[in-house]
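Asker: Knowing the structure of chain A, use the given hints to seat chain B on it.
There are 2 protein chains.
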Amino acid sequence: MKDTLSQDISAVEAKYEAQKIAFGPITFQCAMTIRNTGILKAVADSRKEGISADDISKKTGISKYGVKVLLDMAASMKVVREENEHFWLLKTGYFLLNDKMTEVNMDFVQDVCYEGSYYLEEAIREVKPAGLKVLGEWENIYKGLAELPEQVRKSWFAFDHFYSDNAFPTLLEMVFKNPPRKLYDVGGNTGRWARLCVQHDPNVEVTILDLPGQLRDAKKQAEEAGLSERIHGHQIDLLDDNQPFPKGADVFWISQCLDCFSEEEILGILKRAAAAMTADTRLYILETYWDRQRFEGAEYSLNATSLYFTVMANGNSRMYHSRDMIKQVHAAGLIIDEDTDDIGLGHTLFRCRLA
Amino acid sequence: MKDTLSQDISAVEAKYEAQKIAFGPITFQCAMTIRNTGILKAVADSRKEGISADDISKKTGISKYGVKVLLDMAASMKVVREENEHFWLLKTGYFLLNDKMTEVNMDFVQDVCYEGSYYLEEAIREVKPAGLKVLGEWENIYKGLAELPEQVRKSWFAFDHFYSDNAFPTLLEMVFKNPPRKLYDVGGNTGRWARLCVQHDPNVEVTILDLPGQLRDAKKQAEEAGLSERIHGHQIDLLDDNQPFPKGADVFWISQCLDCFSEEEILGILKRAAAAMTADTRLYILETYWDRQRFEGAEYSLNATSLYFTVMANGNSRMYHSRDMIKQVHAAGLIIDEDTDDIGLGHTLFRCRLA
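Heads up: the sequence lines are chains A and B, in that order. Quick note on numbering: the first sequence equals residues 1 to 355 in the UniProt record's numbering. Quick note on numbering: the second sequence equals residues 1 to 355 in the UniProt record's numbering.
Bound conformation, chain A alone (with noise of 0.2 Å):
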């Protein structure tokens, strides 16, 4: 056992660490304040030279009194410096103008998170998403998708496909080096992946697993894009122990799906997968965990991730930690036969197979 506890800061600095958590709501809303009017971006273009807040008043419309209140506010949080009345941008607030990380999450914390973010302590006390009242009456997130006000939709969309579209390329390569013939995708929402897999390999056929609403859904997009011929729906609730998998996969595919159940879920899922499967069946689970990243600040995002699922989604899932997550792959009766970290925005591939 490392004495970190006693490498830990200063009583000053951990007072100053205090006050950024008990202000963190008004911390972030001054970030989404400076960079939708505009202000955050008359700070980069000043450059060098810097710019005083009138003319960042003149430049925005926003009144001088608004301009300094925010920017006092954003230099405190090192997003600006400032000095004789100028302000520059410093690092952090090139992040917060310019990165699209940063901006997917930013619009995914207001639009989805923000409000019902206040029902944590409700949610964690009574194991369900107390949070997404205010987004609508469904028992969980994934029962309202097609019914979210259109700006909470897009940015929700936004958040899901700006980390999976990173990795689908290398997945691609990886899944098709031994081309499988029959690839059955778990949970496989609107048929981003089939779509991919159909394109990137003619012989393949692809059998979504999932909720009616969802297949309609991934049917209406195969059609539009002309690739419904080898791309198939399987109706089932992933949730239902009763209702087993279908046979004759070459692979199942999970992606980014097991982080939707609590952990009794994912068995009861994964041992409906190893029903179905063969000696020669693959199974892939692709996941983010918190451990296996590269940077803190990807490990925090995951972790305040965690939480989105905790009051919002469905009160009971979560970003994992890959232990936990390897515990019901050996439970359900599988072992990992290749293990791969750091794919696309830090994302890990277990290819399964029977024990």
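One should not assume that every hint holds.
Copies of the same chain look alike in the list, so a pair counts if it fits in one copy or across any two.
Straight line, CA to CA, 20 Å or less: simulated SDA-like cross-link-like pairs of lysine to any residue [as the list claims (entries may be wrong)]:
# : residue 1 : residue 2
1 : K133      : F168
2 : K182      : I9
3 : K128      : T37
4 : K78       : H321
5 : K247      : Y119
6 : K78       : D339
7 : K182      : R272
Derived from the structure by calculation, the hints contain no laboratory data.
Answerer: Structure of chain B alone, referenced to chain A:
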């Protein structure tokens, strides 16, 4: 001009900092929840031994899922340390759990600011407290104070009084070094300072200048304390430049009041005070200025509190830079003949006289 830009943090660190800001609301709710459920206390009580999620779950009645998902995030926030599936308290966690200032700040943010802060961009664009609507339909929060929901009111006053209570003993000594006979308390609110003055000095008479509602409150509280004989009220709307200040005071006292007004409004108040002063009158201004703080954490808290004024209180006031206040003092025909920092928790006292 110092070249601090080249001394900025690395890109990797800045991207991390940007994610901390992007997930600030979730970070905050995580801290609230581990504090309120007793999870953080259970970690603290484990001291050097550390404690497992299982044991915390047993102690608190919170599900193991809930304990883990919160404490994994808390570990990313460096509030706790995690090793071998056990948790230990870090110093930042100590302050979240035990520091009174952190406690009043967090309760203030949750109960008064959280939901309304969602409307910060609207408040900035329209220069009005756009978030106040979540609490009630008032022009500003002062007009609604008496009607606020009990929990909101409690957190508002705990925040307000925590900061002033720490300053009052020193201030009484300073103001009564040359004992005034007639002290006019401008914006005296519920009369806390007035009561302290008449208790401190048997010869002083205090007149509170404020709105009728506040005077009613102050009168009632003075009577209950048996101190009403030397506490008087003078009804005035500080926002109305046509209402002159009464003459005859030895001392005008304006404590934590000017931060509730815009620079133009401050000038109007100070001009009317000056018009009622003689060469012997002294005017005291007590404020917390963000540039006069010894600690970064205090500067940060004050700039964040400014945005409460923007979005919740009245849309155009703030915690000022001392330079901006001094400008208005001079514009009103006054000079500062005594300037004292570091009173209580970072207050500054200006003693002013006619120029």
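Asker: For each hint, tell me whether it holds in the structure or not.
Answerer: So, going through the hints one by one against the coordinates:
For a Cα distance limit of 20 Å, the shortest separation of K133 from F168 qualifies neither inside one copy, at 33 Å, nor across copies, at 45 Å. Taking the closest pair of Cα atoms, K182 and I9 never come within 20 Å of each other, the shortest separation being 55 Å inside a single copy and 50 Å across copies. Taking the closest pair of Cα atoms, K128 and T37 come within 20 Å of each other only across two copies (16 Å); inside a single copy the shortest separation is 36 Å, beyond that limit. In this assembly of identical chains, the alpha carbons of K78 and H321 lie at most 20 Å apart only when taken from different copies (17 Å versus 31 Å within one copy).
For the homomeric pair K247 and Y119, neither the shortest alpha-carbon distance inside one copy (42 Å) nor that between copies (52 Å) is at most 20 Å. Taking the shortest alpha-carbon separations for K78 and D339, neither the intra-copy value of 39 Å nor the inter-copy value of 29 Å comes in at or below 20 Å. Taking the shortest Cα distances, K182 and R272 sit within 20 Å of each other inside one copy (18 Å), while across copies they are farther apart (84 Å).
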